[in-house]
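Enquirer: Produce the entire structure from the sequences given, and follow the hints as far as they go.
Number of protein chains: 4
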Amino acid sequence: MNILFVGDVFGSAGRHIVREHIPHVVESNAVDLLVINGENSAGGFGITPSIAEELFDLGAHVITTGNHIWDKKEIFDYMSVPADSHGRARRLIRPANYAVTTPGFGLYEGELSSGEKYAVINMQGRVFMNSCDDPFRKADELLAQIEKNSGAKVILVDFHAEATSEKAALGWYLDGRVTAVLGTHTHVPTADNRILPNGTAYQTDVGMSGPFDSVIGVEVELVLKRFLTGMPGKFEAAKGNPKMCATLIECDGNTGRAFRTQRFMLGE
Amino acid sequence: MNILFVGDVFGSAGRHIVREHIPHVVESNAVDLLVINGENSAGGFGITPSIAEELFDLGAHVITTGNHIWDKKEIFDYMSVPADSHGRARRLIRPANYAVTTPGFGLYEGELSSGEKYAVINMQGRVFMNSCDDPFRKADELLAQIEKNSGAKVILVDFHAEATSEKAALGWYLDGRVTAVLGTHTHVPTADNRILPNGTAYQTDVGMSGPFDSVIGVEVELVLKRFLTGMPGKFEAAKGNPKMCATLIECDGNTGRAFRTQRFMLGE
Amino acid sequence: MNILFVGDVFGSAGRHIVREHIPHVVESNAVDLLVINGENSAGGFGITPSIAEELFDLGAHVITTGNHIWDKKEIFDYMSVPADSHGRARRLIRPANYAVTTPGFGLYEGELSSGEKYAVINMQGRVFMNSCDDPFRKADELLAQIEKNSGAKVILVDFHAEATSEKAALGWYLDGRVTAVLGTHTHVPTADNRILPNGTAYQTDVGMSGPFDSVIGVEVELVLKRFLTGMPGKFEAAKGNPKMCATLIECDGNTGRAFRTQRFMLGE
Amino acid sequence: MNILFVGDVFGSAGRHIVREHIPHVVESNAVDLLVINGENSAGGFGITPSIAEELFDLGAHVITTGNHIWDKKEIFDYMSVPADSHGRARRLIRPANYAVTTPGFGLYEGELSSGEKYAVINMQGRVFMNSCDDPFRKADELLAQIEKNSGAKVILVDFHAEATSEKAALGWYLDGRVTAVLGTHTHVPTADNRILPNGTAYQTDVGMSGPFDSVIGVEVELVLKRFLTGMPGKFEAAKGNPKMCATLIECDGNTGRAFRTQRFMLGE
Ligand SMILES: [Fe+2]
Ligand SMILES: [Fe+2]
Ligand SMILES: [Fe+2]
Ligand SMILES: [Fe+2]
Ligand SMILES: [Fe+2]
Ligand SMILES: [Fe+2]
Ligand SMILES: [Fe+2]
Ligand SMILES: [Fe+2]
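Chains as they are written, first to last, in the numbering used here: chain A, 1 to 268; chain B, 1 to 268; chain C, 1 to 268; chain D, 1 to 268.
None of these hints come from the bench; they were simulated from the model. Take these hints with a grain of salt, some might be off.
Quick list of the computed label-pair ranges, beta carbon to beta carbon [what the hints assert, rightly or not]:
#1 C:D140 with D:M265: 29 to 35 Å
#2 D:F259 with B:M231: 47 to 53 Å
#3 C:H86 with A:E116: 33 to 39 Å
#4 A:T229 with D:M231: 28 to 34 Å
#5 D:N254 with B:E111: 43 to 49 Å
#6 B:P197 with D:E53: 57 to 63 Å
#7 B:K239 with D:R194: 38 to 44 Å
#8 D:V100 with B:S150: 25 to 31 Å
#9 C:E53 with D:F259: 43 to 49 Å
#10 D:E147 with A:G267: 32 to 38 Å
#11 D:P23 with C:F76: 45 to 51 Å
All residues carry an ideal CB built from backbone N, CA and C; glycine is no exception.
Expert: Below you can see the structure in the form of C-alpha cells.
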C-alpha cells in the first residue's frame with residue numbers, strides 16, 4: 001500500500017500549492033491512502049469546515065491537525081459527530097491525547113475502496129508544548145483499541161510535537177507496531193526519513209506545505225518585529241515561494257510494515 | 001571560498017565518524033575553512049581540552065559549541081585565554097550572548113593561510129532554552145565589531161537554538177549581512193538548506209555527527225525510560241549507526257555572499 | 001479534627017526547626033493529624049529512608065513530597081510496598097499523577113487512633129513543570145476511589161505546583177469536595193489562607209520549613225552565581241535563619257468541611 | 001520616608017477597591033510616596049491612558065507595570081514622551097529590561113514636594129516568562145545611572161516575575177543597594193515581607209488588588225474550562241470579593257535603608 005502524507009498546509013499559499021501537486025504525485029506514485037495535516041490551512045491558524053471540505057475534495061482520506069485545531073471556532077460543531085461515523089467530519093481528527101471532553105476524535109479506522117483497512121492516529125507532544133496526556137501510554141491504548149476494532153495493520157501516526165527527542169523516542173517506541181511515525185508542527189522538513197529496524201517508517205518532521213519565504217509560514221517582518229521588541233502584533237500568513245512538503249510511505253498492506261520512504265518538496 | 005560546517009559531534013561514535021569522513025570531504029570539495037560544532041563530543045555532554053585538540057587535529061579552524069559547553073569543567077581554564085590570541089584554545093568558542101563574565105569568547109576572527117579573512121560567530125537561541133542575551137541585537141553588535149576589527153566579509157554564524165521560528169527569523173535578519181546562518185542543537189538535519197534572496201546561506205539545523213540509532217545521540221532505552229516514568233537516570237551516548245551531518249557552503253571570498261549549499265549525511 | 005500541615009522541610013536546618021516546633025504546636029493546638037512535605041529534607045534534594053523515619057518519629061501520619069522525590073535513589077525501594085500496607089513506607093507518598101509504573105503511591109487512606117478516617121492526596125502541577133497526568137481529572141478519580149474504599153470525609157490535598165493560577169484553579173475545583181487544598185513547592189508562604197465558600201480550606205503555598213537566609217533554601221551565593229553567569233555549580237542547602245512554615249486546619253471530622261485556618265512561621 | 005506600594009490592580013473590581021482604601025491608608029500612615037502596579041487595571045489586561053489618569057488622580061507618584069503592559073494599544077502613544085519629562089505619562093513605567101526600542105521607560109527619578117528624591121525601577125523576570133534582558137545586570141546599570149543623575153537614595157524596585165527563586169535572588173543581590181525589592185505578577189501576596197540584613201525591604205509578591213473570588217483575577221469558570229479542556233476562550237475579569245493588597249515600607253530618607261514593612265489586605 002502506498003501512503004502519501006502531506007505536512008501542515010499553511011494558509012492560502014499552502015492550499016494553492018497542494019492543489020497543484022497532490023493530483024500528479026498521487027497518480028504517479030499510485031497512492032492508495034492520502035493523509036493531510038491541515039492545522040494551519042485557514043490563514044495559518046486553524047481550519048474551517050469549508051477548508052476541510054476543500055482538502056477532502058483533493059482526495060484526503062483523513063485530515064490530521066495539532067495545537068492550532070481550535071483557532072477557528074466553526075470547527076467545534078463540524079467535528080462533533082458520532083464516533084462510528086465515516087463521514088468527512090469524522091475523518092478530520094485532532095490529537096488523541098487531548099482531554100476526553102473536547103470535540104472530535106484522535107483516531108480514525110477506515111477502509112479503502114479496495115477493502116484494505118487502515119488507521120490514522122494523531123497525537124501531540126508535551127515537551128515545550130501545552131499539557132496533554134502522555135502520548136506514549138495513549139499510543140499503547142489506541143493500538144489495543146485498533147486491534148480489537150478493525151484489526152487494521154496499516155497504521156499511520158502523525159505526531160505533532162516540538163522536541164526532536166520526544167519525536168524520535170516515540171518512533172523507537174512504536175517501531176514494529178505501526179507503519180509510520182511522521183512528525184509535524186515545526187514546519188521544517190527533516191532529512192532523516194528512514195525505516196527503523198522493525199519496519200516502521202520514521203521522519204522527525206515532514207515540513208509544512210506553505211510559503212517558504214516566511215518564518216514557518218508567517219510574514220518575516222511581523223515575526224522579526226516580535227523577536228526584536230517583544231511587542232504584540234497580528235501574525236499574517238506569508239504568500240511567497242510556496243512549496244508542498246510531503247512524504248511517501250510504501251508498505252506491505254498485510255503486515256503494515258514499511259519498506260520505503262520518499263520525501264517531496266515541490267514548488268511552483 | 002569553500003566552507004565545511006560539521007554538526008554537533010556526539011560522543012565517541014561521532015568522533016569516530018568525523019575522523020573517517022572529514023579528510024576526504026575536505027579534499028574532494030577543496031574546503032578552505034572547516035568549522036565543527038563540538039558541544040557533545042565528550043560522551044555526549046560537553047567537550048574536554050584533549051577532545052578539542054583531537055578536533056583541531058582534524059583540521060578544524062574553529063570549534064563552536066552551545067548549551068552543553070560547561071558540562072566538563074576542565075574546559076573553563078582551557079578557554080580562558082587573551083581575546084587577541086589565535087591559539088587553538090581561542091578558536092574554541094561558546095555562544096556570544098552568554099553573560100560577559102563567562103570564560104571564552106563567542107566570536108573568532110581569523111585568516112586562512114591564503115591570507116583570506118573570515119569570522120565565526122556562535123550564538124544561542126532563547127525560545128525553549130535557558131535565558132541569555134538577545135541574539136538579534138548581539139548579532140548587530142558583533143557585525144559592527146567585525147567591520148571595525150578585521151573587516152572580514154566571510155562570516156559564518158552557528159545559531160544553536162531549539163525553535164525553528166527563532167532560527168528562521170535570524171536567518172532572514174542577517175540575510176545579506178553574513179555568509180551563512182547554520183542551525184545546530186536539535187541533532188536532526190533539516191532539508192531546507194538554501195540561499196536566501198540577499199546571498200546568505202541558511203539551514204535550520206545541520207544535524208548531529210553521531211549515532212543515529214539513538215534518541216538524538218542518547219541510548220534509546222534510557223530516554224524511553226525517562227519519557228515513560230519521569231524518573232531520573234544517567235544518559236549514556238549511543239554507539240550504533242554513526243553518521244556525519246555536515247553542510248558545505250560555497251561563497252565569494254570577496255563579498256562573503258554564498259551561492260551554493262550542499263548537505264552531507266555520511267555513514268559507515 | 002485538627003490537621004497540621006508542615007511545608008517542604010529543607011535540609012538539616014529544616015529538620016532541626018521542625019524538631020523544635022512540631023511537638024509544642026501539636027500539643028497546644030490539639031492536632032489530630034500531622035502531615036509533612038519532606039521532598040527537600042535530605043540536603044535540599046529528596047528524602048532518604050532514614051530521614052523519612054526521622055519525620056515519622058516526630059509524629060507524622062503521612063509524608064508528602066513532589067518533584068524532588070527521586071533525587072535520592074535509596075527511596076525507590078523504600079516506597080515499593082503493597083498498596084494495602086499501612087506501614088510507614090506506605091505513608092510516604094509521591095504525586096498521584098505520576099506514571100503508573102513509578103514506585104509508591106499518591107494517596108493514603110488511614111485511620112487515627114480515635115477511629116476517625118482521613119485521606120491524604122499528593123499531586124503535582126503541570127504549568128512550568130515537567131509533564132505529568134492531568135491533576136484535575138486525577139483528583140476526580142481519587143475522590144471516587146476514596147468514596148468506594150474508606151469513605152473518608154477528611155481529605156487533605158498537597159498540590160505541589162509552581163503557578164498560582166493552577167493552584168487556585170484546583171482549589172476552586174475541589175471546593176466542597178475535600179477538606180483542604182494546600183500548595184507546596186515555591187517555598188514561600190502565601191498570605192491567602194482562607195475557607196472557600198463550600199468549606200474547603202485553601203492556601204496557595206504553605207512555604208518551606210528551612211533556612212530563610214537563602215534563595216528558597218539554597219545558599220545565596222551559589223544561586224546568584226547561576227543567575228549571573230548561567231554556569232553550572234553544585235547547589236548546597238543554606239543553614240541560616242531557619243523557620244518552620246505550617247498551616248493548621250480545623251475541620252468537622254464528620255463532614256470533612258473546614259472552618260478555620262491558621263498560618264505559622266516559627267523561627268529560632 | 002513612608003512608601004506605599006499597591007500590587008497589580010486588576011479590572012474594575014481592583015480599581016474600585018483601591019479607590020476605597022488608598023486615601024485612608026495613605027493618611028493614617030503618613031505615606032510620602034505612592035506607587036501602584038497597574039498592569040491589569042483595564043479589564044485585567046493592560047492599562048489605558050484614562051485608567052492611568054484615574055490611578056494618578058488617587059495620588060500615585062509612579063505607576064509600574066509588567067508583561068501585560070502592551071495589551072491595550074492606546075498606551076503606546078501615551079508612554080512615548082521625552083526621557084526628561086516629569087509628566088504623568090513619563091511616570092507610567094514598564095520593565096526596564098525590555099528591548100530598547102519599545103515605548104516608555106523602566107526607571108523614573110523624581111522629587112517629592114518636600115524636596116526628597118526617590119527613584120522607582122520596574123523590571124521583569126526571565127524564569128518561566130518571555131525573554132528579556134538580564135535583570136541583574138540591568139539593575140547594576142540603572143543604579144549607576146541613578147547615582148550619576150539624581151543621586152536618589154530611596155529606590156524602590158518592582159520586580160515583576162514568576163519564580164520565587166529569581167525574586168529572592170534579586171532581593172539578596174540588591175540588599176543594601178536599594179530601599180525595597182517588591183515582587184509582583186503572581187497576584188498572590190506572600191507572607192515573607194522582611195528587612196534583609198543590609199537594610200533592603202523584601203517581599204516575594206505584594207499580591208493583586210482585585211477580586212479574590214477568582215483565579216488570580218479571572219472568572220473561575222473560564223479558567224477551569226481552560227484547565228479541563230485545553231480549549232481557548234475569552235478570559236473575563238471577576239468581580240467578587242475585592243481586596244487591596246499593598247505593602248508599606250518605612251525607610252530613612254537620607255540613607256534609603258528600610259527599617260519596617262507592613263502588609264495590607266483590605267476588603268470591602
Ligand atoms: Fe503547524
Ligand atoms: Fe502546530
Ligand atoms: Fe548538541
Ligand atoms: Fe545543544
Ligand atoms: Fe520543595
Ligand atoms: Fe518542589
Ligand atoms: Fe499582574
Ligand atoms: Fe504580570
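Enquirer: Now tell me, hint by hint, if it's right for this structure.
Expert: So, going through the hints one by one against the coordinates:
| no. | hint | in the structure |
| --- | --- | --- |
| 1 | C:D140 with D:M265: 29 to 35 Å | holds (32 Å) |
| 2 | D:F259 with B:M231: 47 to 53 Å | holds (49 Å) |
| 3 | C:H86 with A:E116: 33 to 39 Å | violated (56 Å) |
| 4 | A:T229 with D:M231: 28 to 34 Å | holds (30 Å) |
| 5 | D:N254 with B:E111: 43 to 49 Å | violated (58 Å) |
| 6 | B:P197 with D:E53: 57 to 63 Å | violated (48 Å) |
| 7 | B:K239 with D:R194: 38 to 44 Å | violated (54 Å) |
| 8 | D:V100 with B:S150: 25 to 31 Å | holds (27 Å) |
| 9 | C:E53 with D:F259: 43 to 49 Å | holds (44 Å) |
| 10 | D:E147 with A:G267: 32 to 38 Å | violated (59 Å) |
| 11 | D:P23 with C:F76: 45 to 51 Å | violated (59 Å) |
When the structure is compared with the earlier hints, violations turn up for hints 3, 5, 6, 7, 10, 11 and for no others.
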